[in-house]
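Novice: Sequence:
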Amino acid sequence: MNGEGSAPTDRLHVILASPEIAANVGAIGRTCVAVGARLWLVRPLGFHLDDRAVRRAGLDYWEHLDLVVVDDLDEVVAAFGLHRLWWFSTRAGRTYTEAAFAPGDGLVFGPESRGLPARRLEEAEDRALRIPMRPEARSLNLANATAVGLYEAVRQVEGRNSPAGGGLPS
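Here this note's numbering is used: the first residue of the sequence shown is 1, the next is one more, and so on.
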């Protein structure tokens, strides 16, 4: 998919800016299928989408993935607006549990080796989030960080939309 006609929906969105490791993207795609989130990949990619590692990590879930590929992060910002995007970074001041996620929000993650550009974090400082961790760890694996953030967003969104307090459909 190339991003044409890919306006955000009420579902949650995961945006990976210039991901570098195919296996991470495969695992993240599998998580997106599990919760019904749309996955956006922002070029350049550090691998080919038909890479064996993507397929192996995504297993047979990949065919069910709602995938959008765009050329740059500005396209994502134009599609969502800054007010609908949450920027995950180890350099952010707020923790992800302080965010109030809503249907249609996008969770943005940077490349594995360098994270999101400082400019992006500065322009959306109030929407920049971190996952707390001990100082001995620089960061989490991208697939793990995405799962942590996405499942918190799902917990909040499903909790608001369900009289029984949430839960994913079986």
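Because the hints were derived from the structure by calculation, they are not lab data. One thing to keep in mind: the hints can contain errors.
Stated by the list, open to error - Okay, the calculated beta carbon distance ranges per label pair:
#, residue 1, residue 2, range
1, Pro135, Thr9, 13 to 23 Å
2, Asp50, Gly81, 26 to 36 Å
3, Pro135, His48, 34 to 44 Å
4, Glu98, Glu123, 11 to 21 Å
5, Asp71, Gly159, 30 to 40 Å
6, Ala100, Asp50, 32 to 42 Å
7, Asp50, Arg155, 31 to 41 Å
8, Ala102, Glu75, 15 to 25 Å
9, Glu123, Thr97, 30 to 40 Å
10, Ala78, Glu122, 31 to 41 Å
11, Arg160, His48, 33 to 43 Å
12, Gly93, Glu63, 20 to 30 Å
Just so you know, even glycine gets a beta-carbon here, dropped at the ideal spot from N, CA and C.
Novice: Run every hint past the structure and note whether it holds.
Specialist: Results of checking the hints against the structure:
no.: 1; hint: Pro135 x Thr9: 13 to 23 Å; in the structure: 39 Å, violated
no.: 2; hint: Asp50 x Gly81: 26 to 36 Å; in the structure: 32 Å, holds
no.: 3; hint: Pro135 x His48: 34 to 44 Å; in the structure: 36 Å, holds
no.: 4; hint: Glu98 x Glu123: 11 to 21 Å; in the structure: 19 Å, holds
no.: 5; hint: Asp71 x Gly159: 30 to 40 Å; in the structure: 35 Å, holds
no.: 6; hint: Ala100 x Asp50: 32 to 42 Å; in the structure: 38 Å, holds
no.: 7; hint: Asp50 x Arg155: 31 to 41 Å; in the structure: 34 Å, holds
no.: 8; hint: Ala102 x Glu75: 15 to 25 Å; in the structure: 21 Å, holds
no.: 9; hint: Glu123 x Thr97: 30 to 40 Å; in the structure: 23 Å, violated
no.: 10; hint: Ala78 x Glu122: 31 to 41 Å; in the structure: 19 Å, violated
no.: 11; hint: Arg160 x His48: 33 to 43 Å; in the structure: 39 Å, holds
no.: 12; hint: Gly93 x Glu63: 20 to 30 Å; in the structure: 40 Å, violated
Checked against the numbered hints above, the structure violates hints 1, 9, 10 and 12; every other hint is satisfied.
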